[in-house]
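Protein chains: 2
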Amino acid sequence: MINIAILGYGTVGSGVVEVLETNKDSINKKAGTEIHIKYILDLRDFPGSSIEGILTKDYNEILNDKEVDIVVEVMGGIHPAYEFSKKALEAGKNVVTSNKELVASHGPELLNLARKNSINYLFEASVGGGIPIIRPLNKSLTADEISEITGILNGTTNYILTKMTDEGSAFADVLKEAQDLGYAEKNPAADIEGHDACRKIAILSSLAYGKHVDFENIYTEGITKIRPADLAYAKELGYQIKLLATSKKIKDKAYALVAPMMIPNSHPLSNVHGVYNAIFVNGNVIGNIMFYGSGAGKLPTASAVVADIVDACIHVNKNIITNWYSKDMELLPLSEVPSQMFIVLEGHGHQDPIEDLFGKVTYIHSENETVFITGHSTEGVLANAFSELESKYKLNILSRIRIEKR
Amino acid sequence: MINIAILGYGTVGSGVVEVLETNKDSINKKAGTEIHIKYILDLRDFPGSSIEGILTKDYNEILNDKEVDIVVEVMGGIHPAYEFSKKALEAGKNVVTSNKELVASHGPELLNLARKNSINYLFEASVGGGIPIIRPLNKSLTADEISEITGILNGTTNYILTKMTDEGSAFADVLKEAQDLGYAEKNPAADIEGHDACRKIAILSSLAYGKHVDFENIYTEGITKIRPADLAYAKELGYQIKLLATSKKIKDKAYALVAPMMIPNSHPLSNVHGVYNAIFVNGNVIGNIMFYGSGAGKLPTASAVVADIVDACIHVNKNIITNWYSKDMELLPLSEVPSQMFIVLEGHGHQDPIEDLFGKVTYIHSENETVFITGHSTEGVLANAFSELESKYKLNILSRIRIEKR
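Chains as they are written, first to last, in our numbering: chain A, -4 to 401; chain B, -4 to 401.
Honestly, the hints are just simulated from the structure, not real lab data. Warning: the hint list may mix true and false statements.
[Said to hold, decoys possible] When the alpha-carbon atoms are kept at most 25 Å apart in a straight line, the in silico SDA-like pairs for lysine to any residue are as follows:
id	chain 1	residue 1	chain 2	residue 2
1	A	Lys206	B	Ile309
2	B	Lys19	A	Asp247
3	A	Lys246	A	Tyr320
The following block holds chain A by itself, in its conformation from the complex (with noise of 0.2 Å):
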């Protein structure tokens, strides 16, 4: 038998709870042993239900605990996330985390600690939600080198740009019906400015690269800007508008994004709509490949949390080794990042100032607006581009949208 502690009762803690019981006698029989929830750590009470007479409000019971071997921390945010599992894991127990914004910030140092006490610190529910991406990462693409990882990391903002594009609803609009059906927060910023799918684009590629990337040096762009038109747009030319987080490598350096993209149809993540996310990686020998599966959701994010639990049952005294290190992974300066945009202006014409700025563009039909798509150049070089066109030519840009293509 193990025993394990969940840190938070919350949609995931209760989740876990839930997984547990419904699939017991296979999840057990895949860890080899019995799985025993002795302690559910919350500061509300829940009375009369099921776990009243394992819940506790203080942390030290556990960690105190010698017979407890795996933390299952769920409880989201750093403060107290941080202290709880870097003293569980200094105390020599396992720890999972469905937490990207604690594995984002502080995985390399927990990782390291795990790695010196010979337990594991296991993070697979804190992208893609149920979607195995970590563990394929970490075991199954080894032989690669990855060049690439891009996904649609947050169902949220895909469930608005879906509804935005089937309905051709303002994003205002279709953001509050989200709301109201819970699909949104109410504070909703972590998602629609991107920040959510900014920490998990750096646990990716901290992984891929085996190098540290840190989420603050990631630029990061929302969706609130996206117009009904500009799907419209994107529509005629055969492209999709996702929200992608981006990371690529070139030589030995890499850079990240997380900005909304013109996708074509035929890339494998035109096709993931509504609350479905996907993940895309490229490896130099693997080539192509793509995960696709529920990024959010009290049950699929479970799964993810029991599937870790399990693998540390399997391993509750070796550490599995995980390809993410402390050392920084340089990345390249966001001037010198390739770019090309969709690019529109307000009224029509503009030639003279466009071909100045842009060189050789390809013009796209509209009624009243100046729509165009710029050649190969970088993130610089457009930059200045804009500021010049609002500066110099006294231009009103109302949408840049860059363009992703393989």
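Please build the complex by placing chain B on the supplied structure of chain A, with the hints as guidance.
This is chain B only, laid out in the frame that chain A set:
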């Protein structure tokens, strides 16, 4: 250092050598040791090649060399691959294979032998080429009870169907073209008759259910009868025709079949085109997930083989649990399998016999044929109806294609 021996220097074998050389440093780092190719077994000579010095024609040389810890069987076919693999496992050597025929027919026996000797029999490359699917089923979906696996598991047939769809060409013409391009073999039966996909779904089903699913019990139908007209009807209906290998669990029983099927454009598998493969999985807590990538090819397949070699290095004397045991999985008789079909009869009319045999159906407009979709029924009921259509009503059935929804 860990010494390995490669059996067979064909496409996959030479790919393994190439991958181990190309990504040498990162692979050795992840394996935690230096991987050294000590022998390559092949009956042919390769005069002047870089591998000449390590070639052998005598398997006993490998078997008797105590320094060889991993045998990589990439020769294909049942004999002598079976005998070689068995002897290696009996001698305490880990075996890594890409041989779907051998895994489907002798998997449980070889896995038991590996378990008994605390070593491993690993076969990631046997299904889906480079796509990680065996390891995710064994290690990532451990929290779930799998209720469905449906895959596009054969690149040749997917290439042919994609070409037929895009160009409206006839099966025979596209097959000829695929043969000229090297995408289809001179003797294409294993692919176009569905036998290759059948072995693969047998392997996946066995892993999903934890019991042995015998490929000989799986109903298998190829794509040779698909007409350009059927693909045109499918397009009209918002469907794709794909060769699917599917396996579903109904309570304690399962059924599996391989056949061309119509899937709606909303199904994640519908966007898998050309030589790409994908595997869709439904678990009772994770919901729907899909794995997509190159299902064949020298380097993608070698990538999967090498990932298994790395895992075997890490677990050289520890059996990694594989959820596939000798006990046979009880399969539902074909006649009881749920079914819904798209049917084309020669000539117009035939309402009376159709309603007599199929009850309420949905008619599809056609210039010169009778086209309809049945209600939900079973394979047995539909097979009876087909035989009555032909014997009692003397009607000519031009097409019958199963419909798969999600």
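Consistency of the hints with the structure:
no., hint, in the structure
1, A/Lys206 - B/Ile309, "holds, 21 Å"
2, B/Lys19 - A/Asp247, "holds, 17 Å"
3, A/Lys246 - A/Tyr320, "holds, 19 Å"
Comparing the model with each numbered hint stated earlier shows that all of them hold.
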